[in-house]
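Student: With the hints as constraints, model all of the structure from the sequences given.
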Amino acid sequence: MIAAVGPCRIQISTDGSHFQALTRSIVFQQLSGKAAGTILGRFNDLYPNRVPTPEQVLATSDEQLRSVGLSRQKIGYMRDLSSKVASGELPLDAVEAMDDDDLIAHLVQVKGIGRWTAQMFLMFRLGRLDVLPELDLGIQNAVKKAYRMRKRPTPKQVKKIGAKWSPHATVASWYLWRSLENGDGQLGAD
Numbered sequence: 249m250i251a252a253v254g255p256c257r258i259q260i261s262t263d264g265s266h267f268q269a270l271t272r273s274i275v276f277q278q279l280s281g282k283a284a285g286t287i288l289g290r291f292n293d294l295y296p297n298r299v300p301t302p303e304q305v306l307a308t309s310d311e312q313l314r315s316v317g318l319s320r321q322k323i324g325y326m327r328d329l330s331s332k333v334a335s336g337e338l339p340l341d342a343v344e345a346m347d348d349d350d351l352i353a354h355l356v357q358v359k360g361i362g363r364w365t366a367q368m369f370l371m372f373r374l375g376r377l378d379v380l381p382e383l384d385l386g387i388q389n390a391v392k393k394a395y396r397m398r399k400r401p402t403p404k405q406v407k408k409i410g411a412k413w414s415p416h417a418t419v420a421s422w423y424l425w426r427s428l429e430n431g432d433g434q435l436g437a438d
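Going by the working numbering, the first residue of the sequence shown is number 249, and it counts up by one from there.
Please keep in mind that the hints were generated in silico from the structure rather than gathered at the bench.
All residues carry an ideal CB built from backbone N, CA and C; glycine is no exception.
Please note that the accuracy of each hint is not assured.
In silico DMTMM-like pairs for lysine to aspartate or glutamate, Cα to Cα no more than 25 Å straight-line [stated by the list, open to error]:
{"no.": "1", "residue 1": "K407", "residue 2": "D350"}
{"no.": "2", "residue 1": "K332", "residue 2": "D263"}
{"no.": "3", "residue 1": "K412", "residue 2": "D310"}
FRET-style restraints, in silico, Cβ to Cβ [unchecked claim]:
{"no.": "4", "residue 1": "R298", "residue 2": "K399", "range": "17 to 27 Å"}
{"no.": "5", "residue 1": "P296", "residue 2": "I250", "range": "41 to 51 Å"}
{"no.": "6", "residue 1": "A334", "residue 2": "A252", "range": "40 to 50 Å"}
{"no.": "7", "residue 1": "L383", "residue 2": "T301", "range": "25 to 35 Å"}
{"no.": "8", "residue 1": "L306", "residue 2": "V356", "range": "18 to 28 Å"}
{"no.": "9", "residue 1": "Q259", "residue 2": "K407", "range": "21 to 31 Å"}
{"no.": "10", "residue 1": "L306", "residue 2": "M397", "range": "20 to 30 Å"}
{"no.": "11", "residue 1": "L428", "residue 2": "S309", "range": "34 to 44 Å"}
{"no.": "12", "residue 1": "T402", "residue 2": "D263", "range": "29 to 39 Å"}
{"no.": "13", "residue 1": "W413", "residue 2": "G289", "range": "28 to 38 Å"}
{"no.": "14", "residue 1": "D293", "residue 2": "A411", "range": "37 to 47 Å"}
Tutor: So this is what it looks like as C-alpha cells:
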C-alpha cells in the first residue's frame, strides 16, 4: 500500500488558534466544503482581523450568528465551546502538554465535538502520530479492503488490527485513506 500511495504527505494545519480550528470543525460538520467555507468566512468576518475569541463569540447575538448561516444547533455548539474555553474548563493553551486520551476526554465534553472530531484535532492540528480513528467509516472501509474482509470491521476490530501500527497509527490511517482514493489497498492479512 505504501509503495502504491507513495511518500506520506500528512499536512498539519497550524494556521490560527486552536479555538479557531475547533470553530472551523463545528462549521464544517455535515456540510459540503464550499458551503461550509462560505459560512466560515462570514462568521470570521464578524470579528476584528477575522479572528474570533471565545469572549467575542459569547457576546455575539444569535441573530448575528444566524445571519452568517449558522444553524441554531451549531450556534449552541459554538456557545458551549466558547464558554468552556473562556472559563478555563477546556484549557486550549495547555493541549500540547496533555496526553491524547485526556485531551479527547476534555474535547468531547463540548456539545458538537465527538470522539472523531477530537481525533482529527489530534492528528491534523497537533500532529500527534499515534491516533487511530476507529469510528471513521473511511478507515473501516480501507481496513476491510486491505485485509480482504467480507464485512466492514467494527471499531473494536479496527483497534485490534491497528494495535500493531503503534506508535505510527496516524501515518497508517493516512495511508488507509489514500488507498481508497487511488483504488489500491491490498495487504496480506498477517
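Student: What hints, given by number in increasing order, does this structure fail?
Tutor: 3, 4 and 10
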